[in-house]
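J.: Construct all of the structure, not just a fragment, from the sequences and the given hints.
So the sequence lines, in the order shown, correspond to chains S and A. Following the working numbering, the residues of the first sequence are numbered contiguously, the last one being 495. Following the working numbering, the residues of the second sequence are numbered contiguously, the last one being 1348.
Quick list of in silico lysine-lysine cross-link-like pairs, BS3-like style, CA-CA up to 25 angstroms:
hint	chain 1	residue 1	chain 2	residue 2
1	A	Lys1274	S	Lys306
2	S	Lys359	A	Lys1085
3	S	Lys306	A	Lys1272
4	A	Lys1120	S	Lys223
5	A	Lys1085	S	Lys426
6	S	Lys257	S	Lys219
7	S	Lys219	A	Lys1120
Covered stretches of chain A, as calculated for chain S (at least 3 residues, CB under 8 angstroms):
hint	stretch
8	1074-1084
9	1109-1120
Just so you know, these hints were derived from the structure itself, not from any lab. For every residue, glycine included, the Cβ atom is placed at its ideal position computed from N, Cα and C.
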Amino acid sequence: MTACEGGKRTMSSPQHSGSRWASPGGNIRGRNSGRRRRARPRQRPPGAPGALPARRRPQPGPGHKQLLHPAGPGPGSAPGHGPAAPSGRSPGRRLFQAGPGASSSPGQLKKQGCACPWTVGKLSGHSENQTPFPHLPVLGKKVGTSLLWLCILEMAPPKVAVVGAGVIGLSTALCITETCPSCSVTVLSDQFSPNTTSDVAAGMLIPHTYPDTPTHRQKQWFKETFTYLFAISNSAEASEAGIHLVSGWQVFKSPPKEELPFWSDIVLGFRPMSEAELQKFPQHRFGQAFTTLKCDCPPYLLWLEKRLEATGTQMYTRKVADLWELHGEYDIAVNCAGMGAQQLVGDKQLIPVRGQVLKVHAPWVKLFIRDGDGLTYIYPGVHRVTLGGTREKGSWSLSPDTGTTRDIFDRCCSLEPSLQGAQDIKVKVGLRPSRQCVRVQREVLSQGGVKLPVVHNYGHGAGGFSVHWGTAKEAAHLVGECISALQGSSSRAKL
Amino acid sequence: MRVAIIGAGVIGLSSALCIHQQFHGLLPSLELEVYADHFTPHTTSDGAAGLWQPYLSDHGNLQETLWNKETFDYLLGQLHSPAAKEMGLFLISGYNLFTEPVPDPSWKNIVLGFRNLTPKELELFPGYSYGWFNTALMLEGRSYLPWLTNRLTEKGVKFFHKKVESFQEVSGDGVDVVLNCSGIRAGHLQPDPELQPGRGQIIKVLAPWVKHFIITHNLKSGIYNSPYIIPGSEFTVLGGVYQHGNWSEENSAKDHKSIWDSCCQLLPPLQKAKIVGEWSGLRPARPSVRLERERIGLGNLQGEVIHNYGHGGFGITIHWGCAMAAARLLGSILQEKKQLATPPGPRL
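T.: Written out as structure tokens, the structure is:
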């Protein structure tokens, strides 16, 4: 089941979007290799000089059983990864909160934190020979077991794994930490910035229209994203986050499908272009002028990572080949794998739409220009201008094509002749994870009597940046629902 | 026929180029010479951010509004030429902010897409309740002046680095016309009490995420005495000082603090911007631009001076209109001297 409404597929003009980086040599999977990260004191194991930054540590392998109590390195934890808890959590991260007086009497156990005390998946993998709560008084078996479950019911924060570290994965993880502060969130991805799909995108807030998502829902997502980024753009964090306002023009050779797109009242100052402005574009007859926001990557992704680290969220380089790998280690899986979702969950509706872009040095370009057909665009970023592009449906190639580079350059120069003087042209390719509608949806996977709650948040195609915060919030809300469901079913099952 | 131009700021160099373009074909013997004590990057024009924008009101001086328009239209026409990048010419949009409603400016139909700000846009600027948005042009002095110099050099114009003390000094010896484009120091050549410095100070920062100009206005304290932020191609200019009568070209710590604090308050992300330079300059302020002929004695002969100075804080904005007007004045002079049968064609 999908969240799409049935509908005739229309050829909308997809916006370029997040796609995967490829270096000019055409290397598909650019692994982070030795690039230094900012020091992350909370997560670096002390006394481990030269240790890889937290998110490039390989995570303890799948199937490793997590203890609820960080009593020290548990079985299976890899040596050399420091005194942190076997799950790799940083010291200081709330794991298991006993209420005051817990050690004296289970009756005084209190519910901690905000309302997400749950882990059922963990228990199913729990070894019966271990004493999970050594700090609790030893009780008679029968009573003790019931109270044990009560303790678990009320005490253990849910462990959420977010698969994917592009703009969707990171923003979703961040929203989850905000809506569920006592959750333990971990981001798992085979790629991190600057090697994600999002790093290739310009990050312009100009929505793509999803044919099968209701307009009001798209508008809501866009509005939430715009509002959120607008506030940051005017704060001291703007430069670090790479978020800035940019004004410009969308020009059309033939009359646009809609005079007023659904997002025209969300961007700033939307109006038709004047005759004098249109004279700059002799081949175009109509146009719209407005001011919108741009999220530059890598800065924006790195800033999201920094905010995640501040919440204690761990991030690991790890390729998740199957969501079931996460069962046992995590209670809920959040699938923000973008194009990776095709393999991960076998979604045949998800197809790559290849985009090639040029990132050039042309600091005098202060205005964006976009052809309404979505194929040619000039987006000035903090340091570079993104020139685009292509929309090649079904192409998986991450290698830059030189003929395409020439074509993009020519098309952009015809819109903005001064680009002839652009320097230091870098070519990038990404695969927009495209779908008729964005899949933001809950699911409970079931296998051999075992369940794994999953929240999907992928398929943003050409519009990832434009709606990312809105879909992240919705996905976080669905994670909350999963938690409540776990809570509800466990209390029914166990007590 | 020799014409001597005093001053190598935007006014002097553009006047020279305009004259060359207009008359060279008609008067192949025309020789131009530029004399200046300062050349780029040490002129007043080099310190200006380069934004095309006249003052809020032309005070009924329609001639200046026309020259502004001629400049804008000329530059707009150059925008798509291969020279644009080298000229330092590009489009830029931005905001003018006020604390109360004001009448539309004389230039509202010259710039592109002029409109009032929406309430949501005004949310960006607490303390300001009214404003304009428009798209205008930047013409960065640090690029434009070298470009003008190169064009002039190509055309055989000669440059002389000297401080000229009198018109007589550069005339005689076949120089019949002197173009006085000496800017703030015109008073040395001929006293002019109407010419006063409008001292400005700017801080140059690296803030490449700023894509709009933001100019605030305080109607009580006067033009450019209120913070402004103007992003260039390499760095962003922060300013907001206009001190009438102050001849100091030293950077003032007090002005620095005032500019920095007020600009950071206007645009909080600037707090993270790196400061890369500071500069003070003297706007050659005058109630109106002096653009006129004057007959003077040049030794034994009568000569002509064409004055073209007093462009205040809008020199770049008005320069080409004035250059063309100066060229027209030269045309009249040449006609009178029977050097030309008829004035040059349609460009005038």
